[in-house]
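Enquirer: Same order as they appear, the protein sequences are chains A and B.
Residues 459 to 738 (my numbering) are what the first sequence spells out, left to right.
Residues 459 to 738 (my numbering) are what the second sequence spells out, left to right.
Fair warning: there could be bad hints in the mix.
Copies of the same chain are indistinguishable here, so a pair counts whether it falls within one copy or spans any two.
Stated by the list, open to error - With a cut-off of at most 16 Å between alpha-carbon atoms, the simulated EDC-like pairs for lysine to aspartate or glutamate come out as follows: (1) Lys704 x Asp679; (2) Lys540 x Asp556; (3) Lys733 x Asp590; (4) Lys723 x Asp698; (5) Lys570 x Glu714; (6) Lys624 x Glu652; (7) Lys627 x Glu652.
Treat the hints as calculated values from the structure; they're not laboratory data.
The model shown is predicted, which means the values in this text are computed figures rather than measured ones.
2 protein chains.
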Amino acid sequence: MLNRRSFGKHAGAALAASLLSKQAFGQQVASTTTPANPGTPQAVAPSPIGPPLQVGMLIYPGMWTLDYIGPQAFLAGLPNTKVHTLWKTLEPVVAIQDVKMHPNMTLADCPKDLDVLFVPGGTPGTILLMQDPEVLSFLADRGSRARYVTSVCTGSLVLGAAGLLKGYKATSHWNKRDLLPLVGAIPAEGRIVEDRNRITGGGVTAGIDFGLLISARLRGDHAAKLLQLGNEYDPHPAFDSGTPAKAGPELTAELEKSLAAGHEKMRLAAVVAGKELGIT
Amino acid sequence: MLNRRSFGKHAGAALAASLLSKQAFGQQVASTTTPANPGTPQAVAPSPIGPPLQVGMLIYPGMWTLDYIGPQAFLAGLPNTKVHTLWKTLEPVVAIQDVKMHPNMTLADCPKDLDVLFVPGGTPGTILLMQDPEVLSFLADRGSRARYVTSVCTGSLVLGAAGLLKGYKATSHWNKRDLLPLVGAIPAEGRIVEDRNRITGGGVTAGIDFGLLISARLRGDHAAKLLQLGNEYDPHPAFDSGTPAKAGPELTAELEKSLAAGHEKMRLAAVVAGKELGIT
């Protein structure tokens, strides 16, 4: 055992103590001789010994909070992992439904080489982000070297606008997935879509599934399963209406109607981004 | 249609526009003659016309953010619903993993009659809360009249310490469920446990399932299904280790070991609370 003290905290946080044990990471410790190869997903997770993993999670005004907190609950529970909550300044950003989120690092201070670059979704703020040169050039730069370039929900359209999904299979919120080709991505079925080192999730709650999966990619299946147990992730929805196919055409049409204006604004932003990228 | 303007926001938020339509709430509109009966769950959801639903969600230092943000993403998407994020002061509280959360109302300003009283979990802060007379008397007061008294994760132990679960079936995080009898509750199986107007959820991610269910209780199945589709809640975990039974004895023992110190502290807090309530 490397560290036997209990953090005396909540299940998820206290996992760190457990996860730091040699026992939990026996296999991964053996793999430290495999060098990290930026741009290529690793089949074997690196050791929790050594420099911490660097995770950069963008937050922004008008984002959807659950898109971020779902993955964060997993990533921040991984051993020897630094989660940087990134924005232009350190002022709180106002997410959807008036939830204020606090960055803990500016874009300028973000490490150059990240293990994970992550962008959450959220229609109004996301549309602005797709047209924000400062954010797009930051993402293009860090994304060019990050080990994993990732998103949940409409965050994939921001990655796309930054030129990071050209020729990659990707997904987004089901209502916005059709916009992906405008920024050069290939829309694909699936709650989580992996193509080389790009991992994109579907809408909002897909962030929990993404958090579980990226934990496994970073620290191995055992660590991910411990986090799943700590977060008691054994979903049992009372209904089965989480996709258009399951919800049926009437419910879907009703929701699409109320989403139409946002869809059109995001389409226009994607067209502009695509033109700047020389795609459309 | 009562309101056809699109909010032009994210899927979840934009739902409000859709949900305000007469079409969506035909059945519920017809039920407005049924008076609300505090303390008794209603089979038929009230109309979105009339005074807004009053939802009081407690936040506190050392809470687990996902416990709160999961249900919040559903509750804040319901039509004609006010979500009050409550704490002693309006200063931000520091949740687990250094996430700062902002209250938008003090306990003193909270409406006397709530449709939903909700408490999230999180071991270190939760233990302090179980011994905090100001918070416990607030919960006992609002909980005595609230239409639904609810929690996710170890929030149920706070409800219990406030005397709100005496003789009620309830659940908690799987690692802390055994403590419920100390505050007079009857531990029950199930990701969500409903007993009369008490609705308690399991650990952390159970808050998503709780959010979906309470949406249906408040505004009907149709509204809940629209939110499920908007939040794309169609879970597909990469692993199946979300409960001790599924994770198996080895993984569970490993995690329990790291949670033992927190469990003991929470047990002592439950014993003290139980004594004050005349239970143990």
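Enquirer: For every hint, state whether the structure bears it out.
Expert: Now for the hints, and whether the structure bears them out:
| no. | hint | in the structure |
| --- | --- | --- |
| 1 | Lys704 x Asp679 | between (30 Å within a copy, 15 Å between copies) |
| 2 | Lys540 x Asp556 | between (27 Å within a copy, 12 Å between copies) |
| 3 | Lys733 x Asp590 | within (15 Å within a copy, 58 Å between copies) |
| 4 | Lys723 x Asp698 | neither (29 Å within a copy, 39 Å between copies) |
| 5 | Lys570 x Glu714 | neither (40 Å within a copy, 37 Å between copies) |
| 6 | Lys624 x Glu652 | within (14 Å within a copy, 49 Å between copies) |
| 7 | Lys627 x Glu652 | within (7 Å within a copy, 42 Å between copies) |
In terms of the numbered hints stated before, the structure departs from hints 4 and 5, listed from lowest to highest.
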